[in-house]
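S.K.: Chains as they are written, first to last, in the working numbering: chain A, 1 to 86; chain X, 1001 to 1086; chain R, 2001 to 2147; chain B, 3001 to 3147.
Please keep in mind that the hints were generated in silico from the structure rather than gathered at the bench.
Mixed in with the good hints, there may be bad ones.
Said to hold, decoys possible - Simulated DEER-style distance windows between Cβ atoms:
#1 Gly1044/X to Thr3042/B: 49 to 55 Å
#2 Leu3023/B to Pro1026/X: 48 to 54 Å
#3 Pro1026/X to Glu2140/R: 38 to 44 Å
Stated by the list, open to error - A few chain R residues facing chain A, derived, Cβ under 7 Å:
#4 Ala2086
#5 Val2089
#6 Glu2122
#7 Phe2124
#8 Ala2128
#9 Lys2141
#10 Trp2145
Think of the CB as a built atom: it goes at the ideal place given N, C-alpha and C, for glycine as much as any other residue.
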Amino acid sequence: MATLTLVYFAWVREAIGLDEERIERPASGTTIADLVAALASRGGGYAEALSDSSRLRAALDQRFVPFDDPIGEARELALFPPVTGG
Amino acid sequence: MATLTLVYFAWVREAIGLDEERIERPASGTTIADLVAALASRGGGYAEALSDSSRLRAALDQRFVPFDDPIGEARELALFPPVTGG
Amino acid sequence: MKRVSIQTADFDAAAELAALEALGGGGVASFTGIVRGEGGLTALELEHYPAMTLPQVQRIADEAMARWPLLGLRVIHRVGPLEPGARIVFVGTASRHRTAALESCAYLIDWLKSHAPFWKKEHFTDGAARWVEARPEDEEKARGWTR
Amino acid sequence: MKRVSIQTADFDAAAELAALEALGGGGVASFTGIVRGEGGLTALELEHYPAMTLPQVQRIADEAMARWPLLGLRVIHRVGPLEPGARIVFVGTASRHRTAALESCAYLIDWLKSHAPFWKKEHFTDGAARWVEARPEDEEKARGWTR
């Protein structure tokens, strides 16, 4: 069974209460949007952090990607708010 | 008699061989272009430096001005090539 | 020269400038970001995505090197808690041409703002804390460079 | 803070940056021009129009202060003979906003290039000397800011 590591940053991390977690990797055609919706349906902090995907950004294996990208064979999905560095 | 100080910089100064000189101030309606043409007609270094006004810039009382400006009551006219500072 | 660092420690902006000046170019441009201490701010905390940050900032730096004729480029981005007045980020560029130095410096900071995985949290004297929100104009500014 | 100097002496770019950083703003931008030592250049000589230079550079600085919300601005322009590698000019700006700092810095150097009474003469190893010619693109760049 392939695993996918989910990593969270900033208020996404705070709402969920975890830095990272491992899940079974969904079928490769599953998009990030699909997975985020499934996570949000867990309720609680997940719902709070992930229900409004317009407030979120994602990186798949450390590359920024749009939410309609498929997860494919990726090993790490990061979810976070728009970046505010610099 | 009012005087006008002419000051020269860079290769204009080198060609004329003077940092500055004083002349009788021409009638106030005289333009810089008129005066420069008169100076060029002196020949020698003056002709060399001042014949092609497209290569020259001017400042009247320490303000950049176009060549068709009248000399008016100015006390100092500077003639020089386009600036190359910075 | 192309050097990129992500670090908690402060840095010596003077030494960085001197190194860029020594490359023999005609111009060195720099930008330093400083923590503003307004509204009772006591600390700015910078979180990042360690596995991604350095590769991503290097990618942005490579992009700048490819786009402008640069003799050198230096990026330092700090992470962790920072006090008001502290330096957050330094971008320095050296080129034979002033426009290349100035433009690439602006490009780098615009892209760091909108395309590098950093997040800022503000802490205030009354104990409140707040994640800084991204400004849409920052993303637009970065997109401007792709035109 | 608005300080403008015309001087023969070198300057401490680090101290200038530190003064700008201490103004409490979010960003400090700088540009330093350096004498390039290419093609057997032994010295760059900077001539200027003493009665006009300082007032004219101050005028350019006032223009920048009026146009951008700046906390501070520093311009140093050297005159006289300069060796390869020497600093010619420093422009530093501080603002709450990075764009204001970066743009005003570029504006100042563009205007110094095309609207301040300095002339450069290059001296070479073989004894030859040549006045640097103005580049039309420099004047265009400055005019770009008036659009």
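S.K.: For which of the previously enumerated hints does the structure constitute a violation, in increasing order of number?
M.R.: 1, 3, 4, 6, 7, 8, 9 and 10
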